[in-house]
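Colleague: Residue numbers (our numbering), protein chains in the order written: chain A, 273 to 721; chain B, 273 to 721.
None of these hints come from the bench; they were simulated from the model. Among these hints, one or two may not hold up.
For identical chains, the list gives no copy identity; a pair is met inside one copy or between any two copies.
As the list claims (entries may be wrong) - Heads up, simulated DSSO-like pairs for lysine-lysine below, C-alpha to C-alpha not over 27 Å straight-line:
no., residue 1, residue 2
1, 303, 420
2, 622, 552
3, 473, 299
4, 434, 334
5, 357, 383
6, 473, 434
7, 512, 391
8, 512, 583
9, 348, 622
10, 383, 334
11, 512, 630
Protein chains: 2
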Amino acid sequence: MPVDRTRILLDTIKRLLRRGAAIHLHKIVNKTHAADLAVVFRFLTLYEQETLFDLVHTVEHKAMLFSELEEEILVKLIEDMPAEKIAEILAQMPSDDVADLLGKLSDDRAKALLDLMTKEESEELEELLRYDEQTAGGIMLPDFIALKEETTARETIEALQKEYIDVEMPFYLYVVDDHGRLVGVISLRQLVVVPPETRLKSIMATDVVSVHTNTDQEEVARIVARYNVLAVPVVDESSKLVGIVTVDDVIDIIREEATEDFLKMAGAGEGLVESQSVFKSTRIRLPWLLASWFGGVIAFLIIGHFERGLKNFVYLTAFIPIIMGMGGNIGTQSSTIVVRGLATGQLNLKQIWEVMFKELAIGFLLGFFYGLLIGFIAHVRYDPWSGVTVGLAVISSMTIAAMVGSLVPMVFARINVDPAVATGPFVTTSIDILSVFFYFQIATVLLHL
Amino acid sequence: MPVDRTRILLDTIKRLLRRGAAIHLHKIVNKTHAADLAVVFRFLTLYEQETLFDLVHTVEHKAMLFSELEEEILVKLIEDMPAEKIAEILAQMPSDDVADLLGKLSDDRAKALLDLMTKEESEELEELLRYDEQTAGGIMLPDFIALKEETTARETIEALQKEYIDVEMPFYLYVVDDHGRLVGVISLRQLVVVPPETRLKSIMATDVVSVHTNTDQEEVARIVARYNVLAVPVVDESSKLVGIVTVDDVIDIIREEATEDFLKMAGAGEGLVESQSVFKSTRIRLPWLLASWFGGVIAFLIIGHFERGLKNFVYLTAFIPIIMGMGGNIGTQSSTIVVRGLATGQLNLKQIWEVMFKELAIGFLLGFFYGLLIGFIAHVRYDPWSGVTVGLAVISSMTIAAMVGSLVPMVFARINVDPAVATGPFVTTSIDILSVFFYFQIATVLLHL
Chain A
273 MPVDRTRILL DTIKRLLRRG AAIHLHKIVN KTHAADLAVV FRFLTLYEQE TLFDLVHTVE
333 HKAMLFSELE EEILVKLIED MPAEKIAEIL AQMPSDDVAD LLGKLSDDRA KALLDLMTKE
393 ESEELEELLR YDEQTAGGIM LPDFIALKEE TTARETIEAL QKEYIDVEMP FYLYVVDDHG
453 RLVGVISLRQ LVVVPPETRL KSIMATDVVS VHTNTDQEEV ARIVARYNVL AVPVVDESSK
513 LVGIVTVDDV IDIIREEATE DFLKMAGAGE GLVESQSVFK STRIRLPWLL ASWFGGVIAF
573 LIIGHFERGL KNFVYLTAFI PIIMGMGGNI GTQSSTIVVR GLATGQLNLK QIWEVMFKEL
633 AIGFLLGFFY GLLIGFIAHV RYDPWSGVTV GLAVISSMTI AAMVGSLVPM VFARINVDPA
693 VATGPFVTTS IDILSVFFYF QIATVLLHL
Chain B
273 MPVDRTRILL DTIKRLLRRG AAIHLHKIVN KTHAADLAVV FRFLTLYEQE TLFDLVHTVE
333 HKAMLFSELE EEILVKLIED MPAEKIAEIL AQMPSDDVAD LLGKLSDDRA KALLDLMTKE
393 ESEELEELLR YDEQTAGGIM LPDFIALKEE TTARETIEAL QKEYIDVEMP FYLYVVDDHG
453 RLVGVISLRQ LVVVPPETRL KSIMATDVVS VHTNTDQEEV ARIVARYNVL AVPVVDESSK
513 LVGIVTVDDV IDIIREEATE DFLKMAGAGE GLVESQSVFK STRIRLPWLL ASWFGGVIAF
573 LIIGHFERGL KNFVYLTAFI PIIMGMGGNI GTQSSTIVVR GLATGQLNLK QIWEVMFKEL
633 AIGFLLGFFY GLLIGFIAHV RYDPWSGVTV GLAVISSMTI AAMVGSLVPM VFARINVDPA
693 VATGPFVTTS IDILSVFFYF QIATVLLHL
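Work out the full structure: start from the sequences and follow the hints.
Modeller: Pasting the structure below:
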């Protein structure tokens with residue numbers, strides 16, 4: 273549903289809720305896709321959410337809505353719901369979504385829900401809950417189709433009609449040996465076009481791209497994106513096939529990781545949760561600003577050091593904003609390019625010197641251009657030596673900033689610190705300090721500040 | 273292939289290229305996935321690329337490599353290749369990839385290649401080239417499976433084995449009426465589990481999510497992500513089914529759009545192309561810095577205006593970096609949250625006032641905290657009124673910055689200007705100016721500057 277149609281749906285539902293028009297609401301709710309309802313839920317109060325949820329007719333639709341709702345909303349929604357009712361809905365959901373939800377609940381609540389499930393279900397879930405949430409094991413679906421090499425195409429189709437009727441994404445069929453180890457893959461598409469007596473062995477592809485249960489989810493996403501597959505099989509330490517990660521989950525990961533990087537670089541937390549309270553947001557954003565505060569204090573000390581001399585050169589202080597601003601902005605350009613390049617794999621740590629020298633050259637060229645421009649103003653407004661001082665300060669600030677901005681994220685990546693987190697505060701702070709420092713050093717030499 | 277294995281592959285290939293070990297290279301190249309080769313190509317010279325490419329054995333492998341290579345690399349690689357050889361490879365590629373490539377070539381070259389294709393192929397491509405590259409029409413595959421309502425499951429499977437053997441992603445089968453208009457969809461999975469004589473009409477889903485040829489690719493990506501589908505059908509003005517957009521292309525779009533937004537916000541161009549020359553990069557990054565230059569000049573004029581008074585208050589200038597820095601950083605936090613929220617659909621323009629007031633509150637709280645901290649330093653080092661002045665300046669700078677940072681992207685989105693492009697320069701520049709302005713205004717009132 274396009275964005276404006278979602279907005280119309282939201283307006284309609286809100287109006288009907290205000291009017292208490294249960295019959296109309298019932299009709300709309302039950303013919304709306306769970307993904308669209310989930311968007312609408314974001315803009316409703318808890319009470320309105322509960323009203324709407326009770327109108328959802330089938331337990332399957334409820335299960336789909338559970339899968340689509342944002343975690344924070346879902347956790348609040350089920351807070352007062354009886355465990356039996358929740359368990360009934362969970363039974364209809366894909367196990368990876370159930371595991372995610374259980375991981376967010378208190379241990380007692382999660383245990384109560386697990387107790388209400390069949391033994392098979394609860395064991396499967398406990399298995400999933402063992403893995404780190406950010407790894408292939410934590411995001412995989414434990415339902416997949418695994419067959420033996422000797423199985424024929426006809427038998428496979430029969431199995432699809434009986435045993436595997438509940439498998440969510442049956443587009444790949446995996447072939448395993450007697451120990452459950454992954455040996456091949458064929459697509460459903462191949463299966464329907466071969467003669468019924470063909471054995472899987474003779475049509476399967478054996479160079480299967482797979483991931484381990486402990487592979488990081490970002491790496492899983494990169495693999496799915498690189499090889500254009502709809503699902504990637506997950507194997508454990510003994511190469512046993514234990515699950516699959518499907519492309520729809522990969523899409524969510526790619527979006528979340530990009531959002532995370534955006535926010536980390538700006539020092540604004542890791543998750544974009546608009547339902548966070550003012551105080552929680554304040555607390556998340558405070559520490560990053562501390563780095564910038566620290567840089568500011570050092571800049572203050574540097575300028576303070578020249579306080580006496582500055583009495584005769586007060587006009588020089590008017591150039592502080594432009595020198596710092598130009599440095600800060602070109603530094604942000606450089607670090608953004610590098611952080612994003614590393615995240616998408618378009619930049620490689622092998623290129624560290626190449627990238628740094630290139631950025632250095634760009635910083636110098638842009639510094640030269642803007643240095644001339646600003647130096648000229650200082651020359652006209654004050655005197656030639658002031659012009660030279662300001663111009664050189666801009667050149668040095670921009671050159672250093674481009675170098676620092678590109679080098680810092682690569683160094684952090686090299687020592688396995690997330691470049692998105694570390695780059696923002698570190699780069700901004702050091703550029704602030706370096707810009708001011710070089711400005712006053714140059715002024716001391718040229719103007720005898 | 274995990275990142276470190278790609279690195280090993282690259283090192284091996286480079287070593288073999290240096291040694292001219294053609295036989296070894298031939299073996300490695302032909303057993304490596306085209307997606308991995310494409311990564312390796314990024315780090316090779318044109319000459320090395322050509323050497324490697326000539327070693328690729330089958331035309332199918334060459335076609336896959338063409339599809340995977342970055343456009344810039346591919347365009348250079350085929351520059352000196354005979355048209356006949358290229359056409360032979362293009363014939364094996366999905367039409368959407370061919371259309372993308374032709375769109376990047378000179379008109380003459382593209383025409384020469386089209387002339388070498390079959391009439392059917394070239395007509396299909398000319399059709400695709402009509403659409404804007406960034407729309408559903410520009411990214412769709414014109415190969416899909418379309419059947420009539422009366423067709424049986426058995427007939428469908430027969431059709432899959434004959435007519436549709438070349439369709440790239442046959443996981444959904446679309447049902448059309450006599451005019452080719454989309455009326456339903458069934459998945460390949462459903463098809464294999466129903467009795468052979470079942471008519472599509474009785475098993476198809478009729479609430480098909482579809483997009484128009486002119487739907488923006490970002491919207492297409494949002495729809496695929498929201499409804500967890502593997503492909504979305506594309507219809508023209510007369511509701512006729514003309515193509516499908518598959519999930520693997522959607523993944524690329526989501527990544528590219530995120531990269532684009534990152535770079536736009538930092539004013540560093542739109543595409544992360546590390547192969548760009550220093551001069552080209554400089555040219556792309558220059559204009560954005562102009563906005564910041566402009567802001568710096570205004571800040572200069574403001575401070576210059578107080579030059580005479582500042583002689584007695586030189587120490588006040590030492591606080592300029594910290595006041596500007598704190599404002600700039602909190603403004604970046606706010607605008608990043610809003611820009612990303614709008615891009616992912618987690619924020620809605622309806623929430624404009626709610627978000628702004630929340631940011632205002634956060635800005636005030638953080639401003640209060642850091643204002644106290646910095647004001648205290650000024651109080652101890654100089655005098656109480658300087659402390660109050662600096663403290664109030666930090667509070668006003670941070671509050672205004674949070675407000676401007678959140679409001680500006682939403683206003684831009686409202687008037688249909690890409691918030692990612694406009695926000696960066698606009699927000700930074702206005703915060704620089706406002707911070708300095710309020711600082712000196714407060715100093716004038718409290719300290720009689």
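Colleague: Would you mind marking each hint as holding or not holding in the structure?
Modeller: Right, here's what the structure says about each hint:
For the identical chains of this complex, residue 303 and residue 420 are inter-copy neighbours only, at 26 Å across copies versus 42 Å inside a copy, given an alpha-carbon limit of 27 Å. Taking identical chains as interchangeable, the C-alpha atoms of residue 622 and residue 552 lie at most 27 Å apart only when they sit on different chains, with a minimum of 23 Å there against 40 Å within one chain. Taking the shortest alpha-carbon separations for residue 473 and residue 299, only the inter-copy value of 25 Å comes in at or below 27 Å, while the best intra-copy value is 50 Å. For the homomeric pair residue 434 and residue 334, the shortest alpha-carbon distance inside one copy (25 Å) is at most 27 Å, but the shortest distance between copies (41 Å) is not.
When the C-alpha separation of residue 357 and residue 383 is checked against a cutoff of 27 Å, the pair qualifies only within one copy, where the shortest distance is 15 Å, while the shortest distance between copies is 64 Å. With identical chains, the CA atoms of residue 473 and residue 434 are at most 27 Å apart both within one copy (22 Å) and between copies (23 Å). Taking the closest pair of Cα atoms, residue 512 and residue 391 come within 27 Å of each other only inside a single copy of the chain (22 Å); across copies the shortest separation is 50 Å, beyond that limit. Proximity of residue 512 to residue 583 under the C-alpha cut-off of 27 Å is found in neither arrangement, the shortest distances being 76 Å within a copy and 77 Å between copies.
For the identical chains of this complex, residue 348 and residue 622 are inter-copy neighbours only, at 23 Å across copies versus 47 Å inside a copy, given an alpha-carbon limit of 27 Å. For the identical chains of this complex, residue 383 and residue 334 are intra-copy neighbours only, at 22 Å inside a copy versus 54 Å across copies, given an alpha-carbon limit of 27 Å. Proximity of residue 512 and residue 630 under a CA criterion of 27 Å is satisfied in neither setting, with 47 Å inside one chain copy and 50 Å between copies.
The structure fails to meet hints 8, 11 from the earlier list, while all remaining hints are met.
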